[in-house]
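Now for the letters of each chain:
2 protein chains.
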Amino acid sequence: MKDIPDASAFEARLRRIGAERYHDKHPFHHRLHSGQCTMDEVRAWVINRYYYQSRIPMKDAAFMSRVTDPKLRRAWRSRIEDHDGAEGRMGGIERWLKLAEGVGLDPEYVASEQGILPATKFAVDAYVRYVRDMPLLQAVASSLTELFAPKIHEQRIAGLLEHYGFANPDTIAYFRHRLTEAPKDVAFGLQWVIDHADTAEKQDEAAAALTFKTDVLWAQLDALWSAYVEPGRIPPGGWNTHEGLL
Amino acid sequence: MKDIPDASAFEARLRRIGAERYHDKHPFHHRLHSGQCTMDEVRAWVINRYYYQSRIPMKDAAFMSRVTDPKLRRAWRSRIEDHDGAEGRMGGIERWLKLAEGVGLDPEYVASEQGILPATKFAVDAYVRYVRDMPLLQAVASSLTELFAPKIHEQRIAGLLEHYGFANPDTIAYFRHRLTEAPKDVAFGLQWVIDHADTAEKQDEAAAALTFKTDVLWAQLDALWSAYVEPGRIPPGGWNTHEGLL
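Top line first, the protein sequences correspond to chains A and B.
FYI, full-length UniProt numbering numbers position 246 of the first sequence as 246, with every residue one higher than the one before it.
FYI, full-length UniProt numbering numbers position 134 of the second sequence as 134, with every residue one higher than the one before it.
It should be emphasised that the hints constitute simulated quantities derived from the structure, not laboratory data.
Everything hinted at is true.
Which copy is meant is left open, so a pair is good if it fits within one copy or across any two.
Under the rule of at most 20 Å between Cα atoms (straight-line distance), these lysine to any residue pairs were calculated in the SDA-like manner:
id, residue 1, residue 2
1, Lys71, Asp106
2, Lys25, Ala219
3, Lys71, Glu81
4, Lys184, Ala86
5, Lys71, Tyr51
Go ahead and model the full structure; you've got the sequences and the hints to work with.
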């Protein structure tokens with residue numbers, strides 16, 4: 001058997017993928033967090049990112065549908081609960097719709113999934129399919145972008161509050177909740193990947209899965225920029241900046 | 001538009017499918033509930049039925065992975081919780097393993113899924129695939145065998161307690177819990193199917209889905225009978241009545 005890089009070297013490799021490719025590096029996020037986005041750009045982001053949010057619990061259910069170990073399913077289940085909510089407890093999707101309302105969008109329009117860029121759908125659907133079809137190791141590894149999420153959420157909370165009139169505790173509640181939800185999930189996921197990537201080949205596969213996921217996130221922002229950042233070229237079917245306003 | 005049979009006629013049609021085809025009519029269940037099964041036959045049933053139990057939460061996750069409506073996902077989620085359990089709350093799969101222990105089987109052997117009849121796997125896997133691949137209406141309708149489950153569970157509880165030394169509140173806890181879980185689930189599922197089967201064609205499709213599901217259940221008992229009811233012809237790979245004993 002080939003020498004396997006140890007757990008800490010492997011974890012460092014995974015973290016390097018984030019340092020190099022996570023979408024906190026995307027110019028759209030710099031623009032958003034530094035207050036340079038127009039309200040139309042913010043709205044376009046909220047509409048398109050809704051599609052990603054809406055598919056996350058479906059992705060997690062697709063994962064659970066392939067897991068034969070009840071303990072692993074049980075550990076994964078809270079992800080769905082965090083997004084879908086429960087009796088008397090708001091979930092992430094509903095919080096995202098509060099943000100939509102806060103930026104002047106009709107939440108029903110946003111939830112209808114009209115106006116979402118085809119490229120957003122292609123990227124997000126590719127992620128759901130990936131998790132449904134790939135070996136469990138890659139499926140779990142693709143969730144590890146959550147390692148890098150708290151930092152971007154902190155930047156976002158600070159940036160939105162500083163620069164945009166719509167930002168207040170209600171409208172940005174989604175991001176605050178993710179500050180505690182994501183670390184809990186990723187601690188489990190990271191340990192699982194480290195435990196199961198027990199050959200050099202599997203470590204490569206896990207790294208490829210995380211790289212794939214960073215591509216999924218990045219592609220959504222490229223599409224957003226292409227369509228809406230001035231001058232912008234909105235493709236057929238994309239939100240036209242006049243629809244769905246409150 | 002063609003005349004659509006009204007909700008009560010449609011519900012009666014669904015209930016007729018149960019009256020004609022549900023596996024309470026299968027001779028294996030008569031044998032089991034009337035105390036005529038040998039312990040080997042009981043054990044073979046417990047081993048094979050474990051596979052069905054183990055796939056139910058995967059089936060429900062597969063369903064949720066295709067549902068875009070957070071409310072519908074939320075309503076469905078408790079099915080997974082009922083089977084997988086939660087922190088401090090035993091689930092159906094664990095309860096089934098208590099039954100396994102009660103009939104003298106090593107629960108680890110049963111959970112390992114060794115010795116399960118290939119025909120059991122074919123039938124159960126067909127059900128999971130069906131729910132993953134078919135339109136949501138059929139996926140929900142296929143769950144409606146739960147309409148008929150409380151009756152068979154009551155018969156089973158009474159029959160096991162009367163005829164078998166292994167039966168006690170701990171070993172039969174699975175069935176007692178299903179007496180309350182299944183009606184809650186099926187009340188929701190039945191209403192959903194009635195609401196969504198809004199054409200004669202869809203009513204036919206829903207009825208076909210329920211019929212399919214009765215086939216899935218029946219085929220498992222046919223396979224069990226063929227392999228284990230005396231004289232029985234255990235196929236290659238099937239539990240050999242000496243393995244997995246405590």
